[in-house]
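Undergrad: Input sequences plus hints: build the corresponding full structure.
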Amino acid sequence: MAGQSDPHLSIFSAAEVEFLAEDELVKIIPNMSIDALNLICGDFGPFYPHILTEVPIWLAMALKKRGKCTIQPPDWMSLENLTQVLEAERDSPREFQPLPFHYVEISRLLFDHAREDIPDVHMVRTLVEDIRDVRFHKVESGFEEINTRTHAVKLKNLSAMEVNIVRPFFVRALQAFYKHGDPQMILQPDTASRPTNVGDRGPRRDLRPR
Amino acid sequence: MASGSDEGLGFGSEDIDASSISALPTEVELLKRAWRNEKASPEILQFQEDVVTNARLQIEHMEETVEAYEEDGKDALTVSLYQMDLDRTEFLLRSYLRTRLQKIEKYMIHISKTELWNRLSKAEQNFATSCKENMENHLKQSVLSRLPYGYQDFCKQSISSEEDDMVPQPQLDTFVFCKSKKTVGSFQLDEGGDEVVDLIADDLYVLRYKSIKPLVETGQIDLV
Numbered sequence: 061m062a063g064q065s066d067p068h069l070s071i072f073s074a075a076e077v078e079f080l081a082e083d084e085l086v087k088i089i090p091n092m093s094i095d096a097l098n099l100i101c102g103d104f105g106p107f108y109p110h111i112l113t114e115v116p117i118w119l120a121m122a123l124k125k126r127g128k129c130t131i132q133p134p135d136w137m138s139l140e141n142l143t144q145v146l147e148a149e150r151d152s153p154r155e156f157q158p159l160p161f162h163y164v165e166i167s168r169l170l171f172d173h174a175r176e177d178i179p180d181v182h183m184v185r186t187l188v189e190d191i192r193d194v195r196f197h198k199v200e201s202g203f204e205e206i207n208t209r210t211h212a213v214k215l216k217n218l219s220a221m222e223v224n225i226v227r228p229f230f231v232r233a234l235q236a237f238y239k240h241g242d243p244q245m246i247l248q249p250d251t252a253s254r255p256t257n258v259g260d261r262g263p264r265r266d267l268r269p270r
Numbered sequence: 287m288a289s290g291s292d293e294g295l296g297f298g299s300e301d302i303d304a305s306s307i308s309a310l311p312t313e314v315e316l317l318k319r320a321w322r323n324e325k326a327s328p329e330i331l332q333f334q335e336d337v338v339t340n341a342r343l344q345i346e347h348m349e350e351t352v353e354a355y356e357e358d359g360k361d362a363l364t365v366s367l368y369q370m371d372l373d374r375t376e377f378l379l380r381s382y383l384r385t386r387l388q389k390i391e392k393y394m395i396h397i398s399k400t401e402l403w404n405r406l407s408k409a410e411q412n413f414a415t416s417c418k419e420n421m422e423n424h425l426k427q428s429v430l431s432r433l434p435y436g437y438q439d440f441c442k443q444s445i446s447s448e449e450d451d452m453v454p455q456p457q458l459d460t461f462v463f464c465k466s467k468k469t470v471g472s473f474q475l476d477e478g479g480d481e482v483v484d485l486i487a488d489d490l491y492v493l494r495y496k497s498i499k500p501l502v503e504t505g506q507i508d509l510v
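Going down the list, the sequences are from chains A and B. For any residue, its number in the working numbering is found by taking its place in the first sequence, counting from 1, and adding 60. For any residue, its number in the working numbering is found by taking its place in the second sequence, counting from 1, and adding 286.
Just so you know, these hints were derived from the structure itself, not from any lab. Check each hint, because a few of them may be wrong.
[As the list claims (entries may be wrong)] Chain B stretches covered by chain A per the calculated footprint, using a threshold of three residues with CB under 8 Å from any CB of chain A: (1) 342–350; (2) 370–376; (3) 463–476; (4) 482–493.
Predicted model, so just to flag it, every value in this text is computed and none were measured. All residues carry an ideal CB built from backbone N, CA and C; glycine is no exception.
TA: Rendered as structure tokens:
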């Protein structure tokens, strides 16, 4: 069993993560009237022209594709906010800024299907991509800190898609360290009271040569 | 497992105006939670009987509604929106059940020999039993009966093995990504009490499944 790859490592497909994101609510302005919808996932509407209302993204996308509404981008997707987030993201190399758990998927869905509804769409898109890059870089440098002492990792504000992308490597690495680091843990009692925060983990140790 | 007592919003609570979301989780949210946990956990979890029954009822009800709307000549757009909602719920339910079936197929012997058996629904138990029988018969006929005496056991490598050493078991030492709905506080990660983690609401952690197993089973923590 030892060398076998674990199918549990990537448990959600990207499409499934997007599926979850599609249940997040977004504001739309319909251009026609529809009766209230009593759906399994909740009650939405009634819809009147030019009256703002809130619906799940999948519903918004369905209406948008048929030209029945415009979508109001969420507040966090404004130029000002994203500029701020990007700056903060760059200024704090060890923390992730709070963004919606599904920010990657939501922005992607809106860029793909509702670009004309987003003011300054090119700038916004570039900002979101930059934020993603900066965050991924942080995740990658966080990888270097995993060692035999790592029993817990805190990833405050890491988003759903980011989790999904790093999961296989992260789990695999932690498992390997856990397995190989065990006897060492017993020999070194000083590692006992190690804090669990990503920020102040003990000194980095290189892998032992095989 | 207390499947009925669910505090907090569960999913989709990141939205800025939380006031528009009702405090009680909907059936779909409960199902989604069960689905996520089941997919992310290495071993099979308690079957969520109430959640599945309610989801089934709602799906049936919605199927009737959609049919009635179609007969009444309701506008195509509305019908298609109801159909989409129905499709999404059906997907969740199917994927939940299928995920469990995959685990049962993989760990059927282990499950049938441990207390995990009680986590299965009646139908799943029947499936597991027949699955195990088929596998056993198949292996006996095709391979085991042709092996030399002492190497013919379904669960053991050889007659000298004291335990069943050919039974695949879920790997509980694996690490999982999880989020607590409310602050759990200091939580002990190992038996020695040396490793303690402070679990704060809505923060994301990567922890060893074995150590947080009780929190998953009591619904205090969600796997993501």
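Undergrad: Would you list, in rising numerical order, the hints stated earlier that this structure does not obey?
TA: none
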